[in-house]
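Visitor: Sequence:
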Amino acid sequence: MSGSKRTVRRAGRPGLAKHLLMPLPTEKVQALSLENHLALATVRGGRGDLEQLSCLIRVVYLAFYLRDATSASAEVEPYRRAEAALNARVTRVELGERCLLLDHELATVERILVIHDEQLAAIPWHRYLTAWERLQRYIVAGKRSPIAAALGT
Numbered sequence: 000m001s002g003s004k005r006t007v008r009r010a011g012r013p014g015l016a017k018h019l020l021m022p023l024p025t026e027k028v029q030a031l032s033l034e035n036h037l038a039l040a041t042v043r044g045g046r047g048d049l050e051q052l053s054c055l056i057r058v059v060y061l062a063f064y065l066r067d068a069t070s071a072s073a074e075v076e077p078y079r080r081a082e083a084a085l086n087a088r089v090t091r092v093e094l095g096e097r098c099l100l101l102d103h104e105l106a107t108v109e110r111i112l113v114i115h116d117e118q119l120a121a122i123p124w125h126r127y128l129t130a131w132e133r134l135q136r137y138i139v140a141g142k143r144s145p146i147a148a149a150l151g152t
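When the letters of the sequence shown are read in order and numbered with numbering that gives the first Met the number 0, they come out as residues 0 to 152.
Note that these hints are calculated values from the structure, not bench results.
Worth double-checking, as some hints may not be accurate.
As the list claims (entries may be wrong) - Cross-link-like lysine to any residue pairs, in silico, SDA-like; alpha carbons within 20 Å at most:
no., residue 1, residue 2
1, K142, V28
2, K27, I122
3, K142, A83
4, K27, L112
5, K27, A121
6, K142, V75
7, K17, P123
8, K17, V28
9, K142, T90
10, K17, K27
11, K142, S53
12, K142, K27
13, K27, W124
14, K17, L128
15, K142, P123
16, K17, A130
17, K142, R80
18, K27, L37
19, K142, A87
20, K27, G45
21, K142, V89
22, K142, R57
23, K17, W124
24, K17, L134
25, K27, L128
26, K17, I122
27, K27, A140
When you get a sec, could you build the whole thing from the sequences and use the hints?
Guide: Spelled out as structure tokens, the structure:
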């Protein structure tokens, strides 16, 4: 054994594939950001529907799951406010009202989109995929909001 090097691997979870450790490709970050900001612009213009609101709610939850990725995204309260604003708008749209957020609601949701843009630029693929899987599990389970659960409400 003298002169030979041994690779020691910790027991437990296998290592991640190299591509999962890499940052999200710039094109992917730009495409996701564009989709999210177009959804907000459509709602801002009063031409949105439940599809755009769903996109924005998805962003709020993904950003919430990634909140430790940047220093600006750690607080839970902005996510709670954005979720509440979007859920209230979904209810109003289902009652036949226009899909239009109020100015303070727009500012709240826009803040989350900016935070999420920063997160997407900072995280590796595996972090995004983990957040996406958590979102899918939440949707399938139909349990209470992960934001409310984090706040203990």
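Visitor: Decide, hint by hint, whether the structure agrees.
Guide: Each hint tested on the structure:
1. K142 to V28: violated, 29 Å
2. K27 to I122: Answer holds: K27 to I122 is near 12 Å, not above 20 Å.
3. K142 to A83: OK: K142 and A83 at ~16 Å, within 20 Å.
4. K27 to L112: Holds - the C-alpha atoms of L112 and K27 are around 15 Å apart, at most 20 Å.
5. K27 to A121: holds, 13 Å
6. K142 to V75: With Cα atoms ~18 Å apart, K142 and V75 stay inside 20 Å; holds.
7. K17 to P123: holds, 10 Å
8. K17 to V28: holds, 19 Å
9. K142 to T90: holds, 18 Å
10. K17 to K27: holds, 17 Å
11. K142 to S53: holds, 17 Å
12. K142 to K27: violated, 30 Å
13. K27 to W124: OK: K27 and W124 at ~10 Å, within 20 Å.
14. K17 to L128: With Cα atoms ~14 Å apart, K17 and L128 stay inside 20 Å; holds.
15. K142 to P123: Violated, at roughly 28 Å.
16. K17 to A130: Holds. K17 to A130 sits at ~19 Å (cutoff 20 Å).
17. K142 to R80: holds, 19 Å
18. K27 to L37: holds, 15 Å
19. K142 to A87: The given pair, whose Cα atoms are some 18 Å apart, holds under the 20 Å limit.
20. K27 to G45: violated, 27 Å
21. K142 to V89: holds, 18 Å
22. K142 to R57: holds, 15 Å
23. K17 to W124: holds, 10 Å
24. K17 to L134: violated, 24 Å
25. K27 to L128: holds, 13 Å
26. K17 to I122: The hint holds at about 14 Å.
27. K27 to A140: Cα-Cα ~28 Å, so violated.
The structure fails to meet hints 1, 12, 15, 20, 24 and 27 from the earlier list, while all remaining hints are met.
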